[in-house]
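Protein chains: 2
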Amino acid sequence: MAKYEQLVAQIRQQIETEIWLPGEKLPSLREQVSLSGVSLMTVMHAYQVLESQGWIISRPQSGYYVAPRAEFLSQPVSHQKLQLAESVDINAFIFDVLQACRDPHIVPFGSAFPDPELFPQRQLMRALTTVSHSMKPVDALHNLPPGNEALRKTLAQRYALQGVQVSPDEIVITNGAMEALNLSLQAVTEPGDWVAIENPSFYGALQAIERLKLKAVAIATDPQTGIDLDELSRALESWPIKAMWMMSNQQNPVGCTLSREKKQQLVALLAQHNVTLIEDDVYSELYFGNEKPLPAKAFDRDDNVLHCSSFSKNLVAGFRVGWVAGGKHAQRIQRMQLMSTLSTSAPMQQALATYLGTRSYDRHLRRLRQVLEQRKNLALQSLKRHLPVGAKINESRGGYFLWIELPKQVNTTELYYRALEQKISIAPGKMFSSSEQYANYFRFNTAWWDDVQEAAVAKLGALIGELL
Amino acid sequence: MAKYEQLVAQIRQQIETEIWLPGEKLPSLREQVSLSGVSLMTVMHAYQVLESQGWIISRPQSGYYVAPRAEFLSQPVSHQKLQLAESVDINAFIFDVLQACRDPHIVPFGSAFPDPELFPQRQLMRALTTVSHSMKPVDALHNLPPGNEALRKTLAQRYALQGVQVSPDEIVITNGAMEALNLSLQAVTEPGDWVAIENPSFYGALQAIERLKLKAVAIATDPQTGIDLDELSRALESWPIKAMWMMSNQQNPVGCTLSREKKQQLVALLAQHNVTLIEDDVYSELYFGNEKPLPAKAFDRDDNVLHCSSFSKNLVAGFRVGWVAGGKHAQRIQRMQLMSTLSTSAPMQQALATYLGTRSYDRHLRRLRQVLEQRKNLALQSLKRHLPVGAKINESRGGYFLWIELPKQVNTTELYYRALEQKISIAPGKMFSSSEQYANYFRFNTAWWDDVQEAAVAKLGALIGELL
Numbered sequence: 001m002a003k004y005e006q007l008v009a010q011i012r013q014q015i016e017t018e019i020w021l022p023g024e025k026l027p028s029l030r031e032q033v034s035l036s037g038v039s040l041m042t043v044m045h046a047y048q049v050l051e052s053q054g055w056i057i058s059r060p061q062s063g064y065y066v067a068p069r070a071e072f073l074s075q076p077v078s079h080q081k082l083q084l085a086e087s088v089d090i091n092a093f094i095f096d097v098l099q100a101c102r103d104p105h106i107v108p109f110g111s112a113f114p115d116p117e118l119f120p121q122r123q124l125m126r127a128l129t130t131v132s133h134s135m136k137p138v139d140a141l142h143n144l145p146p147g148n149e150a151l152r153k154t155l156a157q158r159y160a161l162q163g164v165q166v167s168p169d170e171i172v173i174t175n176g177a178m179e180a181l182n183l184s185l186q187a188v189t190e191p192g193d194w195v196a197i198e199n200p201s202f203y204g205a206l207q208a209i210e211r212l213k214l215k216a217v218a219i220a221t222d223p224q225t226g227i228d229l230d231e232l233s234r235a236l237e238s239w240p241i242k243a244m245w246m247m248s249n250q251q252n253p254v255g256c257t258l259s260r261e262k263k264q265q266l267v268a269l270l271a272q273h274n275v276t277l278i279e280d281d282v283y284s285e286l287y288f289g290n291e292k293p294l295p296a297k298a299f300d301r302d303d304n305v306l307h308c309s310s311f312s313k314n315l316v317a318g319f320r321v322g323w324v325a326g327g328k329h330a331q332r333i334q335r336m337q338l339m340s341t342l343s344t345s346a347p348m349q350q351a352l353a354t355y356l357g358t359r360s361y362d363r364h365l366r367r368l369r370q371v372l373e374q375r376k377n378l379a380l381q382s383l384k385r386h387l388p389v390g391a392k393i394n395e396s397r398g399g400y401f402l403w404i405e406l407p408k409q410v411n412t413t414e415l416y417y418r419a420l421e422q423k424i425s426i427a428p429g430k431m432f433s434s435s436e437q438y439a440n441y442f443r444f445n446t447a448w449w450d451d452v453q454e455a456a457v458a459k460l461g462a463l464i465g466e467l468l
Numbered sequence: 001m002a003k004y005e006q007l008v009a010q011i012r013q014q015i016e017t018e019i020w021l022p023g024e025k026l027p028s029l030r031e032q033v034s035l036s037g038v039s040l041m042t043v044m045h046a047y048q049v050l051e052s053q054g055w056i057i058s059r060p061q062s063g064y065y066v067a068p069r070a071e072f073l074s075q076p077v078s079h080q081k082l083q084l085a086e087s088v089d090i091n092a093f094i095f096d097v098l099q100a101c102r103d104p105h106i107v108p109f110g111s112a113f114p115d116p117e118l119f120p121q122r123q124l125m126r127a128l129t130t131v132s133h134s135m136k137p138v139d140a141l142h143n144l145p146p147g148n149e150a151l152r153k154t155l156a157q158r159y160a161l162q163g164v165q166v167s168p169d170e171i172v173i174t175n176g177a178m179e180a181l182n183l184s185l186q187a188v189t190e191p192g193d194w195v196a197i198e199n200p201s202f203y204g205a206l207q208a209i210e211r212l213k214l215k216a217v218a219i220a221t222d223p224q225t226g227i228d229l230d231e232l233s234r235a236l237e238s239w240p241i242k243a244m245w246m247m248s249n250q251q252n253p254v255g256c257t258l259s260r261e262k263k264q265q266l267v268a269l270l271a272q273h274n275v276t277l278i279e280d281d282v283y284s285e286l287y288f289g290n291e292k293p294l295p296a297k298a299f300d301r302d303d304n305v306l307h308c309s310s311f312s313k314n315l316v317a318g319f320r321v322g323w324v325a326g327g328k329h330a331q332r333i334q335r336m337q338l339m340s341t342l343s344t345s346a347p348m349q350q351a352l353a354t355y356l357g358t359r360s361y362d363r364h365l366r367r368l369r370q371v372l373e374q375r376k377n378l379a380l381q382s383l384k385r386h387l388p389v390g391a392k393i394n395e396s397r398g399g400y401f402l403w404i405e406l407p408k409q410v411n412t413t414e415l416y417y418r419a420l421e422q423k424i425s426i427a428p429g430k431m432f433s434s435s436e437q438y439a440n441y442f443r444f445n446t447a448w449w450d451d452v453q454e455a456a457v458a459k460l461g462a463l464i465g466e467l468l
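Top line first, the protein sequences correspond to chains E and L. The first sequence lines up with residues 1 to 468 when you count with UniProt numbering. The second sequence lines up with residues 1 to 468 when you count with UniProt numbering.
The following block holds chain E by itself, in its conformation from the complex (with noise of 0.2 angstroms):
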C-alpha cells in the first residue's frame, strides 16, 4: 500500500469511529504533515483522495471538514471511487447487458426499448419518402442547432396542450435524449461539481456523471412513493450540489410516477437552493388511465428545469431524435451541440416534422397505451405464477417496466448470467446503483408478450428456484 493511501485507511477509521465528526475541521495539510509524519506530497493526495470519495469537503480560504455524513443520506459517490473500485466493470457490464439485448434470439425482458413492432411503420417510412422526394440540399442548413423549426413548433405546441409554457426558441433538437440529458448536465457543472440522482436510477444518469468527472449524492427513491424528499432537502443542505438529474414519471427502473404535489414540492424545493433540474421524462406518454402526467417542469416558475425527451420510447427508437426545452440555457446547449455532434440528422428531422404534421400520432400514441397495458397484465399474471414465495413486483400503472425484488439471497447478476444462457436477459439491479443495496433487484420489460415471453418467465422462476 502506498503511503498515501496508508494515510487516506487511516482517517477514513478515524471518521469512522468518530474521531472527526460531520463537520469537524480536519487538520491543516501541514499540521497533518506533523502528526502522520509524511511528505505534504502525501498528505495533500491522500485528502484529495478523500475528497473524491466523499468523506470529506475543503471549503477554500479554510481548510478540510469531514463531510455530513448522517443515518439518513444515501452513500455519496464519487467518480474516482466508481473509476477506481469497480466502474470499468459496471460500464463494461452495463454494455453487456446492452449488446445481449441486440441478439434477436434473446428474449429481452433486460431491453430498455419497447417491441419496436408497436411503432407506426408504415406511416413514419412513408414520411421518410415524403421527405426523400420534397428535401432540398438547402434544408441542411434548416436543421441546423437548435433544429427543425415546424418540429420545435409542434413540440412548443404538445406542452402548450399540456397547460406547460414553452417557447420553440428555447427548445433544443438533439441525438435522442441521452444526448439532450447529457449537454444540459454538461451546461450547468463543471467537473467535481456535485449532482443529485436517485436511488436506483438510470445507469444513464451514473455513466454521465462519472463520465463528465462529477460527484453524485444518490437519493433514497422509494418505488411506490418516489424520491424521499426530505433526504434531498437535507442533502441540499449539507453537500454543495449543483444540478439534480431524474424522473418524475414513470422513472426507470422502479416506474414510480411522483404524484402532482411531490413534484411542485420538488422544483421549489430545488429552485430554493438554485439547483438546476434535468428532467429526464422519455416515458411519459406511455402513461395507462385517462391523463398524460404533467412534468415537473409544469411547476418550473424560475426557469430551472431542463426538460428532456424524445420520441424513442413510443414512435421511433432509431431515428436518434430527442430534445430539450432549455429555457435559458438553451444557447449554450446548442453551442455545445455545434462542438460535439454538429447536429441531429436533417432527413430525420425532417420526417418526423412530417409524421407529426399527418396528426396520427395521439392515435398511435392511444393504440399503444393499450397495448402495452395488456401486455403488462399479461406479464403480471404470469410472472405472479412463476416467481417464488418472497419475490414482491412493483406495480406501477404505464410505461413497461417492473421492479422486481427477489428474497435476499438471489443474486440477479449471478441471475443474469444463468438466464442468458438460456437466451433470457434480464437488467439486474446492479445496473442501477453504485451500491450493493439493489444486488437482489431486476428490472423486468413487459413491452414483449407472447408465447415466447410466457415459456421464458417460466424458466426463469425455474433459474431463481435453483439460486434460493
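It should be emphasised that the hints constitute simulated quantities derived from the structure, not laboratory data. It is possible that part of the hints are untrue.
[Said to hold, decoys possible] Keeping only pairs whose Cα atoms sit at most 30 angstroms apart, straight-line, the calculated DSS-like set for lysine-lysine is: (1) Lys-242/L <-> Lys-136/E; (2) Lys-242/L <-> Lys-3/E; (3) Lys-423/E <-> Lys-384/L; (4) Lys-423/E <-> Lys-384/E; (5) Lys-25/L <-> Lys-3/E; (6) Lys-423/L <-> Lys-384/L; (7) Lys-153/E <-> Lys-328/E; (8) Lys-408/L <-> Lys-423/E; (9) Lys-328/E <-> Lys-262/L; (10) Lys-423/E <-> Lys-392/E; (11) Lys-262/E <-> Lys-328/E; (12) Lys-423/L <-> Lys-25/E; (13) Lys-136/E <-> Lys-136/L; (14) Lys-392/E <-> Lys-292/E; (15) Lys-136/L <-> Lys-242/E; (16) Lys-384/E <-> Lys-459/E; (17) Lys-153/E <-> Lys-423/L; (18) Lys-262/L <-> Lys-392/L; (19) Lys-136/E <-> Lys-153/E.
[Said to hold, decoys possible] Footprint (simulated), chain L over chain E, 3 or more residues, beta carbon under 8 angstroms: (20) 208-219; (21) 451-462.
[What the hints assert, rightly or not] From chain L, some residues computed to sit far from chain E (all C-beta separations above 12 angstroms): (22) Asp-103; (23) Asp-115; (24) Ser-134; (25) Leu-141; (26) Ala-150; (27) Gln-165; (28) Ala-180; (29) Leu-183; (30) Glu-237; (31) Phe-288; (32) Gln-334; (33) Pro-347; (34) Arg-363; (35) Ala-439; (36) Lys-459.
Quick reminder that beta carbons are idealized off the backbone N, C-alpha and C, glycines included.
We have chain E already, so just place chain L on it with the hints.
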C-alpha cells in the same frame, strides 16, 4: 487583485525575467509560504493557476518545475487560460460565424461546407426511398454501435483500395466526424492531459480541448509544408503529451497536404513517444490531380492512429454520418458513444450503405473534384484581381479553402463584421488559433461560385482597401 493573483503575477514575472529558468525546481509550497508570507492555500491556488497556464509543471512526489519554454515552442495554451481570458468570446464568436453561414442571403465565404448543390441529391434521396420501403422495425438494432455492418464493410474496402489495412470490426459509425474526433480524444485522455495540435488549427480541436479540460501545445504549421516536425519533436520531449489531433491532408484552414515522407516521419515520431494520433481526414476525397493522398494512418505500424472521417464534406452534410477507424480503442469508443448519443440514426446509416452499394460514389467524387477545381481557379483569379497589393494567397491544390494573409494592419475580425453588414461572411484567423498571430488572416471558401460571388469578392476587396 486577490492574493493568489498577485503571487501568480509575481512568479510569472520571475520566470519571464529568468530568475527561474526552464526546467528548474521552484520553491516548494512550504518554502513559498515563508518566502511570500501568504497562506498555504494561497500558494497552492497560485501554483495550480500557473500550472494550468502552462508556466510550471508538477512532478508527482517531487514538486513544481518551470515549464520548458524555449524559443522554438509555440505558446502552450491551457484551457483555463482560454476560459478565463477569451474562450467565452471566442466560442460566441465562432458560433456567430457559423450562424451567419446559415442565412441563405449571406455569401458564404466563411462556410466550412461545400455548396450542397454539388451533392448527388437525387441519388441520395432515391437511396432514402429504398430504405423507407425496405426498413424493418428490428433494423434499429442492427445499426447500434459499432454501426451498420454493410457500411463498415464498404469503408474497410475503401481503406483496402488505398492499401490501408482496417478491419470492419475496428470501425465505429458516428454522428459525423465531429463526434468521431471528440470520442477519440476522450478515449485517450483524462482532464488535465496535454494534447498537441496544429497552429493554426480547426477550431473544433480548440473547442474540444477546452470542453474536455485538456491543455494544448500548438505546433507551428506552415501553409506550404505543413506541421514543423522539429518543433513537434522538441515539444514531445518537453511536455507530457498524450495525444495529437491534426490533419495530414488539406489541413483546415491552411489547405496543405503533407508529403508521404512527412506523414511517415510524423507517425514514427509520435509512436516513439507513445502519443496517439487522432487524424481528422474529412477533406481527403477532395484532392486535385490523379491520386488520392494517403492518410497518416497508412503508415501506422503500432495501432497508434485513430483515423476519423465522414461523408459530410463530399457527399451529404445533413445525414450526420461519420466514422472512426479506432483500432484497439474501438470498443472504448463504442461504449462512450452508447453513453453520450447512444448511436447514429439507423435510416441514415442504411441510406448511405444503399447509396454506396450503387457504386456511383466514385463517379460523383470525380465530378465533384472537377467542379471544385474549376471554382477554386475562378475564385483565385477573382481574388487576385480584387485583393490589394500585399495580400498573399496560399494556393493549396485540393479542397475548397484558401488561406489568405492580408497586410499586418488589417484585422480580419474587423473585416468580418464589416463584410457581414454587406451580407458577406468570411472565417477570420481568430477562429483558428488561441494566439493573435493570425489576426490578419482569413479562410475563404471557394466551393460556391457564380456572379454573386464574383461581385462579393469585389466588395470584399474594397472593404479591405478601406481598412488599409
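A quick look at each hint next to the structure:
1. Using a Cα cut-off of 30 angstroms, the hinted pair Lys-242/L and Lys-136/E is violated, with the two alpha carbons roughly 43 angstroms apart.
2. A hinted pair counts as satisfied when its Cα atoms are at most 30 angstroms apart, and Lys-242/L with Lys-3/E qualifies at roughly 27 angstroms.
3. Under the criterion of a C-alpha separation no larger than 30 angstroms, the hint pairing Lys-423/E with Lys-384/L is inconsistent with the structure, at around 69 angstroms.
4. Taking the CA atoms of Lys-423/E and Lys-384/E, the gap is about 21 angstroms. The hint holds against a cut of 30 angstroms.
5. Annotation: proposed proximity of Lys-25/L to Lys-3/E holds, straight-line Cα distance about 23 angstroms (limit 30 angstroms).
6. A C-alpha spacing of about 21 angstroms is found between Lys-423/L and Lys-384/L, which places the hinted pair at or below 30 angstroms, so the restraint holds.
7. Distance restraint check for Lys-153/E and Lys-328/E: the Cα-Cα separation of roughly 18 angstroms lies within the 30 angstroms cut-off, and the hinted pair is therefore satisfied.
8. Distance hint between Lys-408/L and Lys-423/E is unfulfilled; the C-alpha atoms sit about 70 angstroms from each other, more than 30 angstroms.
9. With a C-alpha separation of about 48 angstroms, the suggested pairing of Lys-328/E with Lys-262/L is violated against the 30 angstroms cut-off.
10. Simply put, Lys-423/E and Lys-392/E have alpha-carbon atoms about 24 angstroms apart, close enough for the 30 angstroms limit, and the pair holds.
11. Annotation: proposed proximity of Lys-262/E to Lys-328/E holds, straight-line Cα distance about 24 angstroms (limit 30 angstroms).
12. Restraint check for Lys-423/L and Lys-25/E: the C-alpha separation of about 62 angstroms exceeds 30 angstroms, so the hint is violated.
13. Only pairs whose Cα atoms come within 30 angstroms are accepted, and Lys-136/E paired with Lys-136/L is accepted, the gap being roughly 26 angstroms.
14. For a cut-off of 30 angstroms, the pair hint linking Lys-392/E to Lys-292/E stands: about 27 angstroms separates their Cα positions.
15. This hinted pair does not check out: Lys-136/L and Lys-242/E have alpha carbons roughly 43 angstroms apart, beyond 30 angstroms.
16. Under the criterion of a C-alpha separation no larger than 30 angstroms, the hint pairing Lys-384/E with Lys-459/E is consistent with the structure, at around 13 angstroms.
17. Restraint check for Lys-153/E and Lys-423/L: satisfied, since their Cα atoms lie roughly 28 angstroms apart, inside the 30 angstroms limit.
18. Proximity of Lys-262/L to Lys-392/L is assessed by CA-CA distance (about 25 angstroms); at most 30 angstroms being required, the pair is judged to hold.
19. With a C-alpha separation of about 21 angstroms, the suggested pair Lys-136/E and Lys-153/E falls inside the 30 angstroms cut-off, and the hint holds.
20. Closer than 8 angstroms: that is the beta-carbon criterion, and the stretch 208-219 of chain E has 3 residues meeting it against chain L, so the requirement of 3 holds.
21. With a cut-off of 8 angstroms between beta carbons, the stretch 451-462 of chain E has 0 residues touching chain L; three or more are needed, and the interface restraint is violated.
22. In this structure Asp-103/L is not separated from chain E by more than 12 angstroms, as the shortest Cβ-Cβ distance comes to only about 9 angstroms.
23. Look at Asp-115/L: its CB is around 8 angstroms from the nearest CB on chain E, not clear of 12 angstroms, so calling it non-interface is violated.
24. The Cβ of Ser-134/L sits about 9 angstroms from the closest Cβ of chain E, inside the 12 angstroms cut-off, so the non-interface label is violated.
25. With a closest Cβ-Cβ approach of about 5 angstroms to chain E, Leu-141/L is found to fall inside the 12 angstroms limit, against its non-interface label.
26. Even its closest Cβ contact with chain E, about 15 angstroms, leaves Ala-150/L beyond 12 angstroms, as expected for a residue assigned away from the interface.
27. Distance check for Gln-165/L against chain E: the nearest CB is about 26 angstroms away, which clears 12 angstroms, and the non-interface claim stands.
28. For Ala-180/L, the condition that its CB be more than 12 angstroms from all CB atoms of chain E is violated, with the nearest at approximately 10 angstroms.
29. Not every Cβ of chain E is farther than 12 angstroms from the Cβ of Leu-183/L; the closest lies at roughly 9 angstroms, contradicting the non-interface assignment.
30. With a cut of 12 angstroms on Cβ distances, Glu-237/L stays outside the contact zone with chain E, its closest approach being about 25 angstroms.
31. Consistency note on Phe-288/L: stated as away from chain E, and its beta-carbon is indeed over 12 angstroms from all of that chain's, at 23 angstroms minimum.
32. Not every CB of chain E lies more than 12 angstroms from the CB of Gln-334/L, the least distance being 8 angstroms, so the non-interface label is violated.
33. Against the 12 angstroms criterion, Pro-347/L falls within the reach of chain E, whose nearest CB is about 6 angstroms from its own CB.
34. Non-interface call for Arg-363/L relative to chain E: holds, since the shortest CB-CB distance, roughly 18 angstroms, exceeds 12 angstroms.
35. At roughly 23 angstroms from the closest C-beta of chain E, the C-beta of Ala-439/L stays outside 12 angstroms, upholding its exclusion from the interface.
36. The beta carbon of Lys-459/L is kept farther than 12 angstroms from every beta carbon of chain E, the shortest such distance being approximately 23 angstroms.
Checked against the numbered hints listed earlier, the structure breaks hints 1, 3, 8, 9, 12, 15, 21, 22, 23, 24, 25, 28, 29, 32 and 33; every other hint is satisfied.
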